[in-house]
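Trainee: Single-letter residue listing:
Number of protein chains: 2
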Amino acid sequence: MVFKLNIRLEKDTIFVCENSYSQILLMNDSRYPWFIIVPKTNTLEIFNLEETWQLELNNQINLISIFLKSKYPKSILNIAKIGNIVQQLHVHVLARSENDFAWPNPVWGVGKIDKYDKKDSIILINEFNQYFDRHYETLN
Amino acid sequence: MVFKLNIRLEKDTIFVCENSYSQILLMNDSRYPWFIIVPKTNTLEIFNLEETWQLELNNQINLISIFLKSKYPKSILNIAKIGNIVQQLHVHVLARSENDFAWPNPVWGVGKIDKYDKKDSIILINEFNQYFDRHYETLN
Numbered sequence: 018m019v020f021k022l023n024i025r026l027e028k029d030t031i032f033v034c035e036n037s038y039s040q041i042l043l044m045n046d047s048r049y050p051w052f053i054i055v056p057k058t059n060t061l062e063i064f065n066l067e068e069t070w071q072l073e074l075n076n077q078i079n080l081i082s083i084f085l086k087s088k089y090p091k092s093i094l095n096i097a098k099i100g101n102i103v104q105q106l107h108v109h110v111l112a113r114s115e116n117d118f119a120w121p122n123p124v125w126g127v128g129k130i131d132k133y134d135k136k137d138s139i140i141l142i143n144e145f146n147q148y149f150d151r152h153y154e155t156l157n
Numbered sequence: 018m019v020f021k022l023n024i025r026l027e028k029d030t031i032f033v034c035e036n037s038y039s040q041i042l043l044m045n046d047s048r049y050p051w052f053i054i055v056p057k058t059n060t061l062e063i064f065n066l067e068e069t070w071q072l073e074l075n076n077q078i079n080l081i082s083i084f085l086k087s088k089y090p091k092s093i094l095n096i097a098k099i100g101n102i103v104q105q106l107h108v109h110v111l112a113r114s115e116n117d118f119a120w121p122n123p124v125w126g127v128g129k130i131d132k133y134d135k136k137d138s139i140i141l142i143n144e145f146n147q148y149f150d151r152h153y154e155t156l157n
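Protein chains in written order, with my numbering: chain A, 18 to 157; chain S, 18 to 157.
Bound conformation, chain A alone (with noise of 0.2 Å):
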């Protein structure tokens, strides 16, 4: 298949990496640390995903929530699929703290975005890069 990102996932985050499974984004809302994992599949819910892709898109969250919680130690870790605005395939995996911006909400629609200054996002994109370099394995 030929991936394309949504264009409303494109327009809200900064690209970080990818591979052959999937692109991995960061939510260009410096109020919380915030991943986005988007498989490149058409499927739009995990249980369609073949088992190593499921197997890929775990292995993928839990590095991501391991930088997370290596990075911020107090933090609690939120991981969904939600899909109801943008429903291309996507998960969110951020690091949320009790006295981040919409404690003890969830973060969707809660306010408005506040954008990186540039040079912030790509001090994490790049230490997060170098973590999964280090440390990131393809099942295959």
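The set of hints was computed from the structure by calculation and includes no laboratory data.
Only true hints are included.
With beta-carbon atoms standing in for the labels, derived distance ranges:
1. W120/A x K28/S: 21 to 29 Å
2. K129/A x I24/S: 33 to 41 Å
3. K28/S x G126/A: 20 to 28 Å
4. K129/A x E154/S: 44 to 52 Å
5. K132/S x A119/A: 21 to 29 Å
6. G126/S x E35/A: 31 to 39 Å
Just so it is clear, CB atoms sit at the ideal spot from N, CA and C, and this is done for glycine as well.
With chain A held as given, fit chain S onto it using these hints.
Mentor: The following block gives chain S in isolation, referenced to the frame of chain A:
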């Protein structure tokens, strides 16, 4: 470990079924068909679950997904681990439709819950359990 369901989860849900890995609950809110998986663990984050547990959790998420999607073919599934308010590890699996109460927003914390008539919850739970008994195999 001795598993003890969080008191808030206990109050807001109806017991559906359980095995050695988890309890499955029905959110007592008739606005959405909404199941909750509570792994029997003290771990607060999915990435900390052993691999077998993670596979089992995904297995259960998939089965609930297939049940919901076959019952509500036009629905969109929302799957989420949040844990901001109730920290005990639990995963929401629910079916959304374009005319439901909170659409297109997430369901958490939106409006007041609308409890099931007891007979309606019994019908849904029986249907679910019949489905689950037919299709569920633990991975061990």
